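Engineer: Here the protein sequences line up with chains A and B, keeping their order. Letter by letter, the first sequence follows residues 1 to 233 of my numbering. Letter by letter, the second sequence follows residues 1001 to 1261 of my numbering.
The set of hints was computed from the structure by calculation and includes no laboratory data. This one's a predicted model, so the numbers in the text were calculated from it and none came from an experiment. Among the clues, some could well be false.
[Claimed, not checked] Simulated crosslink set (EDC-like; lysine to aspartate or glutamate; CA at most 16 angstroms straight-line):
#: 1; chain 1: B; residue 1: K1068; chain 2: B; residue 2: D1031
#: 2; chain 1: A; residue 1: K105; chain 2: A; residue 2: E194
#: 3; chain 1: A; residue 1: K51; chain 2: B; residue 2: E1090
#: 4; chain 1: B; residue 1: K1244; chain 2: A; residue 2: E169
#: 5; chain 1: B; residue 1: K1255; chain 2: A; residue 2: E194
#: 6; chain 1: B; residue 1: K1147; chain 2: B; residue 2: E1108
#: 7; chain 1: A; residue 1: K170; chain 2: B; residue 2: D1248
[To be verified] Just some of the chain B residues that point at chain A, by a computed CB distance under 7 angstroms:
#: 8; residue: L1002
#: 9; residue: R1003
#: 10; residue: R1005
#: 11; residue: D1045
#: 12; residue: A1071
#: 13; residue: R1074
#: 14; residue: M1075
#: 15; residue: P1076
#: 16; residue: G1096
#: 17; residue: V1120
#: 18; residue: G1121
#: 19; residue: Q1123
#: 20; residue: G1166
#: 21; residue: G1188
#: 22; residue: S1192
#: 23; residue: R1195
Glycine residues also receive a C-beta, built at the ideal position from the N, C-alpha and C atoms.
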Amino acid sequence: MDYGLGNLRAFAHIYARLNIRVVIANDLDAIYAAESLILPGVGSFDWAMTKLNESGLRNALEEKVLKQKTPILGVCVGMQMLAERSEEGDMSGLGWMRAEVRKLKKASEEGEKQKAVGGWPLADSGSKAKSEMPSTTSSGKPRCELILPHMGWNDIKPAGRSALFDGIEKPQFYFLHSYHFMTSDPVYILGETEYGIRFSSAVGMGNIYGVQFHPEKSHAWGIHLLRNFVEKC
Amino acid sequence: MLRPRIIPFLLIHKGGLVKTKKFCEPKYVGDPINAVRIFNEKEVDEIMVADMDATVNGKEPDMELLAKLAAECRMPLCYAGGVKTAEQVEKIVGLGVEKVGISSAAVETPRLINEAARRVGNQSVVVVLDVKKNGADYEVFCQNGKKGSGLKPATFARQAQALGAGEIVVNSIDRDGTGEGYDEELVGIVRSSVRLPVTALGGAGRVEDFGRLFEKCRTIGVAAGSLFVFKGKYRAVLITYPSKREKDQLMLGVKKSKNLI
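Use the sequences and the hints to build the structure in full.
Structural biologist: This is the structure we're talking about:
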């Protein structure tokens, strides 16, 4: 879906090489004709939702996905948009899944040792973001902060049963994000990843799928997943 | 577990791939698109491409070449060189480039960092610090290493973080092309000053140089130019990258590292 964000050409290139017919869709006809949809997304949640709302394509998208049950894969911010809301911004998401989006942070409330033996001491962020937690816990111990964005290759532990990861040994993909999808319904979770906390890196509910990582930039693992999505989901 | 990133750094001069020494004496080594194809096959973590002409000569980034590189690349791509406006950043990201590096312009017009981050998101804005040692101190330089800014790397890195940068690349001009190893003191200074991903560049001579940084910090990127692209004795270009076995060995070192993220 071309609503103004995301690496559309990378997806198109991959599907073209797989001999799967792919169209970069920014008009209603193309969307209605689709057998599967990819909802890419980069940048901030509010920006992506604004672009989608202004694109004139949202109604068609909802018709295809919610009524006609066309399979859709949300990628990165595209996955986050499936949720109801995000801590990153003020806008509502698509709300197709009972979920919200939160900032990544370390699991432990108590201050873990930030200085490691022989290693470099880690700084605090010094930033005053809207959702910044106070720098100490109520007991006065320093609260740990994570290096953000989560950037690089990380592992996925598949959960539940889904064809998305079929045939992919030791799934690993490229991540580039600071917020994560949090669902109250564990049955949605198709894959989890550890970074600060264990978070849902892949979700699915019926015909609706989302992945936090970038399959379009994850070599053979990504190509395999994108092929699975079209051929098996 | 998040793995540290090992990143080939490709320098472009007049449309071709080149190698430099301390930012000087560019020598042609080959075609950038071909190099990207080979790195695809080697499944590299991500790549950085810099256009050395764009900053110095005030040229626009070569959008046509970038579009081709982005389409060809099966891993994330970061582009740096001649980026002066938020519109350029947005245009480059629109071509399919994941991250855009700003160097001279970030120093000369720091609000550019914030404007770019608002348009494309923090995660796509990389601030590149080109650094030279000036006596006992380190100093950030602009214009391909020709003009000193008077700024210390830690100070400027913190400023970039506050303005919305998503990553800091710290590039040692003194070590560039020498193969003497990273300037670990410099990398440590920048790593300790921010809570952003940091990538080291300049001086990598052997795969072991990566391991030395990984032992100090798990969450780091290591970029290298000469180490991955060089011209052999018979003027043949050889493109290399750590094999899966070498990467696994490096990761064993990371797991043993007592440093938390």
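Engineer: Take the hints in turn and mark each one as holding or not.
Structural biologist: Hint-by-hint comparison with the structure:
1. B:K1068 <-> B:D1031: Satisfied, since the Cα-Cα distance of roughly 12 angstroms is no more than 16 angstroms.
2. A:K105 <-> A:E194: holds (11 angstroms)
3. A:K51 <-> B:E1090: OK: K51 (chain A) and E1090 (chain B) at ~14 angstroms, within 16 angstroms.
4. B:K1244 <-> A:E169: holds (15 angstroms)
5. B:K1255 <-> A:E194: holds (14 angstroms)
6. B:K1147 <-> B:E1108: Holds - the C-alpha atoms of E1108 (chain B) and K1147 (chain B) are around 11 angstroms apart, at most 16 angstroms.
7. A:K170 <-> B:D1248: Measuring from Cα to Cα gives roughly 14 angstroms; hence the hint holds.
8. L1002: holds (5 angstroms)
9. R1003: Hint on R1003 (chain B): holds, closest Cβ of chain A at ~5 angstroms, below 7 angstroms.
10. R1005: holds (5 angstroms)
11. D1045: holds (6 angstroms)
12. A1071: holds (5 angstroms)
13. R1074: Given a least distance of 5 angstroms, the restraint on R1074 (chain B) holds.
14. M1075: holds (5 angstroms)
15. P1076: holds (5 angstroms)
16. G1096: G1096 (chain B) check passes; min Cβ-Cβ to chain A is 5 angstroms, inside 7 angstroms.
17. V1120: holds (6 angstroms)
18. G1121: holds (4 angstroms)
19. Q1123: holds (5 angstroms)
20. G1166: Holds, about 6 angstroms.
21. G1188: At 5 angstroms from the nearest chain A Cβ, G1188 (chain B) passes the 7 angstroms test, so the hint holds.
22. S1192: Constraint on S1192 (chain B) satisfied, holds at 5 angstroms.
23. R1195: This interface hint holds because 4 angstroms falls under the 7 angstroms limit.
Comparing the model with each earlier hint shows no violations; every hint is respected.
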